[in-house]
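Using the sequences provided together with the hints, build the complete structure.
Below are the chains, spelled out letter by letter.
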Amino acid sequence: MNISIEKKEFSEAVYIASRFAERKSATLPALSSILLIAGDEGIKLRATNLETGIDLKLTGTVTTDGVVAIPATILQQIASAFTQEGKITLEHLGDILVITSGTGKSSLKTVPYDDFPSIPFPENPKNRIVLPGILLKNLFSSIASCASTSTVRPELASIYLSIEGGVLTAVATDSFRLAEKKVPLSNKGTQGKFLIPAKNALDIAQALPDNDIIMSFDEHQCAFVSEKGMVVSRLTNATYPDYRQIIPKESIVEATILRKDFETALKRTTIFSDAFQKVRISFDPKKNTFSFFSKNTDIGESSEVLSAHVSGSALELSFNHRYLSAVLSLTSAESISLTAAGIGRPLIIKGVSDTSLLYLVSPMNQ
Amino acid sequence: MDKGNPKELWEHVLTQVELSISPANFNTWFRNSFIVKIGDDGVVYIGVPSQFFKDWYLKKFHSLLLKIIRDVSYEFRNIEYLIVKDEHRKVQKESKNTRGALELPLEEFYINKSDNLNPRYTFDTFVIGSFNNLAYMAAQAALNRPGITYNPLFIYGDTGRGKTHLIQAIGNQFKKQYQGRKVFYLTSEKFVVDYTDSVQAGTANRFKDKYRQYDLLIMDDVQFLSKKDKTQEELFHLFNALHDTNKQIIFSSDRSPASIPDIAERLKGRLASGMAVDISEPDPESRMAIVQKKAALHGVMLSPEVVEYIATTLSGSIRELEGMVNSIVCHAQVKGSAPDIAEVRQSLRSFTRPQKNISVKNVVDRVAEFYGIDEDSIYEKTRRREVVRPRQIIMYLLREDFNISYPTIGSKLGGRDHTTVIHSCEKIKREIIVDNDLVKEIQNIRTLLI
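Order-wise, the sequence lines are chains A and B. Heads up: take any position in the first sequence, counting from 1, add 17, and you land on the working numbering. Heads up: take any position in the second sequence, counting from 1, add 49, and you land on the working numbering.
It cannot be assumed that every hint is accurate.
Footprint (simulated), chain B over chain A, 3 or more residues, beta carbon under 8 Å [to be verified]: (1) 44 to 54; (2) 58 to 71; (3) 128 to 140; (4) 236 to 246.
In silico BS3-like links for lysine-lysine, alpha-carbon gap of 25 Å or less [as the list claims (entries may be wrong)]: (5) B:K410 - B:K489; (6) A:K303 - A:K277; (7) B:K103 - A:K143; (8) A:K216 - A:K41; (9) B:K86 - B:K103; (10) A:K24 - A:K104; (11) A:K143 - B:K108; (12) A:K74 - A:K24; (13) A:K61 - B:K109; (14) A:K61 - A:K122; (15) A:K74 - B:K108; (16) A:K41 - B:K103; (17) B:K410 - B:K476; (18) A:K104 - A:K74; (19) A:K74 - A:K25; (20) B:K276 - B:K257; (21) B:K103 - A:K216; (22) A:K61 - B:K108; (23) B:K239 - B:K257; (24) A:K61 - B:K103; (25) A:K216 - A:K199; (26) B:K109 - A:K41; (27) B:K478 - B:K489; (28) A:K210 - A:K154; (29) B:K342 - B:K384; (30) A:K61 - A:K74; (31) B:K461 - B:K410; (32) B:K103 - A:K210.
Please keep in mind that the hints were generated in silico from the structure rather than gathered at the bench. Built from N, CA and C at the ideal position, the CB exists for glycine as well.
The structure is reproduced here in structure tokens:
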């Protein structure tokens with residue numbers, strides 16, 4: 018094999034692909050490698066950890082064809098250390114890959130590529146939709162943090178995506194809070210739903226380009242195809258809990274606050290939160306205020322009273338402050354609304370004028 | 050191997066596959082797979098975690114797997130790969146081996162797990178005689194007002210006198226009388242093991258809590274706690290905790306609290322602080338009653354002379370008595386009729402102890418051999434120290450164990466005066482109180498003589 022590629026393109030591709038390689042060293046060496054293919058279809062980078070897989074196309078000149086597998090971490094270190102513009106050449110001789118870049122020349126030991134698994138790209142999936150990559154990227158990267166990090170319940174460690182009536186709904190919950198985001202789609206025909214592991218979704222979000230991509234899925238896997246390449250992920254084979262059930266239909270009090278106020282006041286209050294990260298919020302419809310209170314026996318206590326538009330009856334609830342502040346990264350609305358349905362019932366947070374988001378957080382025991 | 054069992058078939062496949070591919074490959078590709086089912090049409094369905102696996106199995110392992118299962122049986126036609134739900138891939142819990150959990154057929158071996166009590170021991174089967182009447186009354190008193198009347202109740206007596214029966218019967222009765230209250234029976238040995246285990250596991254606090262929750266704690270054979278200082282201390286604290294909250298405690302031992310060796314004074318005092326009552330040797334009438342009751346329990350009626358024969362001709366503990374009764378009952382059941390006196394005599398031959406008609410010469414020989422001296426020197430007039438002591442021990446043994454008169458002993462041992470013999474016996478008697486080594490020596494000699 019003998020190829021030459023632009024440094025910048027190569028290092029970007031390697032950076033993306035290396036995220037898909039297996040990070041645990043105990044497994045098959047081929048899984049922690051990046052496969053470099055030079056052939057009729059041009060230059061390709063492949064990596065997989067058997068959960069997700071990536072196949073990236075690179076533009077470059079192929080002098081001779083060939084396949085080679087290189088340990089992902091090494092290749093990533095090399096690629097990130099390139100300086101200046103220009104091209105590099107990669108040459109495969111025996112079990113050595115020689116990378117020449119301007120002044121430098123490195124010889125890399127390769128890994129046998131026979132063990133490198135084939136990445137299962139869906140050939141003719143039943144369901145496909147076209148949507149801007151940036152949209153999916155934002156959706157995944159904002160909502161994935163709300164999913165559970167534990168693998169005990171695989172369905173909670175996943176993002177639930179459902180496509181219905183031209184709207185893509187993404188839901189993530191770790192059973193303490195829930196985030197639901199809706200995105201309108203341009204083509205309204207496709208319907209379907211699937212669960213994608215949140216961890217994989219984050220990796221995929223990094224790899225997606227901003228322009229239009231084709232998302233396709235079947236029962237067991239989904240693929241995201243763009244002009245730069247393809248990303249696949251296995252899907253979680255489980256049934257997602259019927260989350261709509263837990264969203265309170267009625268409410269007893271509602272407050273609308275400026276996002277800026279909410280953010281800064283919460284930030285100050287959390288300094289005084291205790292080991293359980295508890296912050297108490299109270300609605301006061303008479304004075305039209307919304308206030309935060311937290312107390313830590315070692316540090317002291319703090320309270321913040323914000324002017325707000327409050328309608329309903331007075332109420333006090335306690336929350337883990339992390340779950341409250343998480344909402345700020347989910348919406349960019351100028352002001353937010355908090356709707357409570359009573360003691361022990363979840364609190365609904367929405368962005369005013371942002372109908373795409375619904376955030377639900379369970380209170381702590383008082 | 051059962052080729053119809055998916056689990057066994059898969060295990061067989063795995064062992065074969067492991068031989069033909071690298072460990073890394075094996076771990077990566079085969080760890081999370083299993084056979085879902087074996088179809089009626091001979092298709093084996095293998096469950097894999099994702100599409101990656103499915104593709105790779107088809108590409109790399111299909112022919113290998115097919116060959117392996119074909120080797121098992123030609124009934125298997127093909128392999129299909131299924132992507133299975135995540136829940137199904139969780140490690141399945143080992144199904145409990147129901148064969149091993151079969152209940153023991155003998156009711157007598159049944160022990161209640163929660164309180165450790167053997168339900169066989171009840172007051173219904175307990176024979177009350179003059180020898181254990183006091184202990185029985187104390188037990189009843191403790192049962193009527195647990196934790197108040199006699200706390201702790203300490204029952205002692207030689208082995209096989211029915212201590213365990215009595216204290217377990219208290220436990221069983223307590224359970225019946227006070228439902229909802231907690232009883233626990235254990236031997237002191239179990240207590241020691243439990244304590245050391247808890248120290249080892251670093252759960253000493255759980256150990257404390259465990260024993261403090263009981264309303265009635267029964268500890269058998271506390272004499273085994275001697276020299277176990279830490280356990281004694283733990284028992285001391287446990288005792289205080291239970292005693293302070295008026296929880297009944299019952300102990301049993303083969304000797305009185307005061308004479309248990311190597312036990313902390315403060316614990317000794319506490320053991321004796323309630324009621325210490327002994328069960329003495331059963332009198333012949335009680336023994337007869339016991340024999341009758343035990344035989345009746347087995348549904349065998351024995352004639353009065355047989356009962357008397359068993360109860361009187363054979364010395365020994367109640368446990369031995371029970372053994373004899375069991376043996377007779379067994380004989381009776383085989384024959385189908387109650388045994389007569391001749392048969393009983395025949396069947397009990399194995400239980401009879403060797404008679405203690407042993408010659409003076411025999412005793413002298415054994416003791417001389419034990420001390421490594423010439424037996425002739427025993428009979429001589431020599432006063433060498435190494436001879437005098439064995440001679441005194443011989444006199445003591447002849448007197449104590451064989452009831453030979455002082456003058457006879459004197460004349461048999463070289464024509465000595467009976468006052469010499471009396472002096473020797475008294476001397477040994479005095480010395481064994483203070484000299485533990487001497488006690489052991491005499492004990493060893495006694496075993497040689499039987």
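Taking the hints in turn, this is what the structure says about them:
1. Counting residues of the region 44 to 54 of chain A whose beta carbon lies closer than 8 Å to any beta carbon of chain B gives 4, which meets the minimum of three for the stated coverage.
2. Under the rule that three or more residues need a Cβ within less than 8 Å of chain B, the assignment of the region 58 to 71 of chain A holds, with 4 such residues.
3. For the region 128 to 140 of chain A, the stated coverage by chain B is satisfied: 5 residues place a CB nearer than 8 Å to a CB of that chain, which reaches the threshold of 3.
4. Against chain B, the region 236 to 246 of chain A contributes 3 residues with a C-beta closer than 8 Å to a partner C-beta. That satisfies the three-residue criterion, and the hint holds.
5. Of the supplied pair hints, the one linking B:K410 and B:K489 holds, its CA atoms being roughly 22 Å apart against a limit of 25 Å.
6. A threshold of 25 Å between alpha carbons decides the hint, and for A:K303 with A:K277 the separation of about 23 Å falls inside it, so the pair holds.
7. Distance restraint check for B:K103 and A:K143: the Cα-Cα separation of roughly 19 Å lies within the 25 Å cut-off, and the hinted pair is therefore satisfied.
8. Taken as a hint, the A:K216 and A:K41 pair is honoured in the structure, with Cα atoms around 15 Å apart against an allowance of 25 Å.
9. The suggested pairing of B:K86 with B:K103 holds, with an alpha-carbon distance near 16 Å, which does not exceed 25 Å.
10. Our distance criterion of 25 Å between C-alpha atoms is met by A:K24 and A:K104, whose separation comes to about 5 Å.
11. Simply put, A:K143 and B:K108 have alpha-carbon atoms about 24 Å apart, close enough for the 25 Å limit, and the pair holds.
12. Taken as a hint, the A:K74 and A:K24 pair is honoured in the structure, with Cα atoms around 14 Å apart against an allowance of 25 Å.
13. With a C-alpha separation of about 22 Å, the suggested pairing of A:K61 with B:K109 holds against the 25 Å cut-off.
14. Annotation: proposed proximity of A:K61 to A:K122 holds, straight-line Cα distance about 22 Å (limit 25 Å).
15. Proposed proximity of A:K74 and B:K108 is supported: the alpha carbons are some 24 Å apart, at most 25 Å.
16. A hinted pair counts as satisfied when its Cα atoms are at most 25 Å apart, and A:K41 with B:K103 qualifies at roughly 22 Å.
17. For a cut-off of 25 Å, the pair hint linking B:K410 to B:K476 stands: about 22 Å separates their Cα positions.
18. Under the criterion of a C-alpha separation no larger than 25 Å, the hint pairing A:K104 with A:K74 is consistent with the structure, at around 17 Å.
19. A hinted pair counts as satisfied when its Cα atoms are at most 25 Å apart, and A:K74 with A:K25 qualifies at roughly 14 Å.
20. Our distance criterion of 25 Å between C-alpha atoms is met by B:K276 and B:K257, whose separation comes to about 21 Å.
21. Taking the CA atoms of B:K103 and A:K216, the gap is near 22 Å; set against the 25 Å cutoff, the hint holds.
22. At most 25 Å may separate the alpha-carbon atoms for a hinted pair to count; A:K61 and B:K108 meet this at roughly 21 Å.
23. Pair hint B:K239 plus B:K257 holds up; C-alpha atoms about 14 Å apart against a cutoff of 25 Å.
24. For the given pair, A:K61 sits about 23 Å from B:K103 by alpha-carbon distance, which is consistent with the 25 Å threshold.
25. Straight-line distance between C-alpha atoms of A:K216 and A:K199 comes to about 20 Å, which keeps the hinted pair within the 25 Å bound.
26. At roughly 23 Å between alpha-carbon atoms, B:K109 and A:K41 fall within 25 Å of each other, so this suggested pair holds.
27. The hinted pair formed by B:K478 and B:K489 meets the criterion: a straight-line CA distance of about 13 Å does not exceed 25 Å.
28. Of the supplied pair hints, the one linking A:K210 and A:K154 holds, its CA atoms being roughly 18 Å apart against a limit of 25 Å.
29. Taking the CA atoms of B:K342 and B:K384, the gap is about 21 Å. The hint holds against a cut of 25 Å.
30. Taking the CA atoms of A:K61 and A:K74, the gap is near 5 Å; set against the 25 Å cutoff, the hint holds.
31. Taking the CA atoms of B:K461 and B:K410, the gap is about 9 Å. The hint holds against a cut of 25 Å.
32. In summary, the hint linking B:K103 to A:K210 is supported, as the alpha carbons are separated by about 22 Å, within the 25 Å threshold.
In terms of the numbered hints stated before, the structure departs from none.
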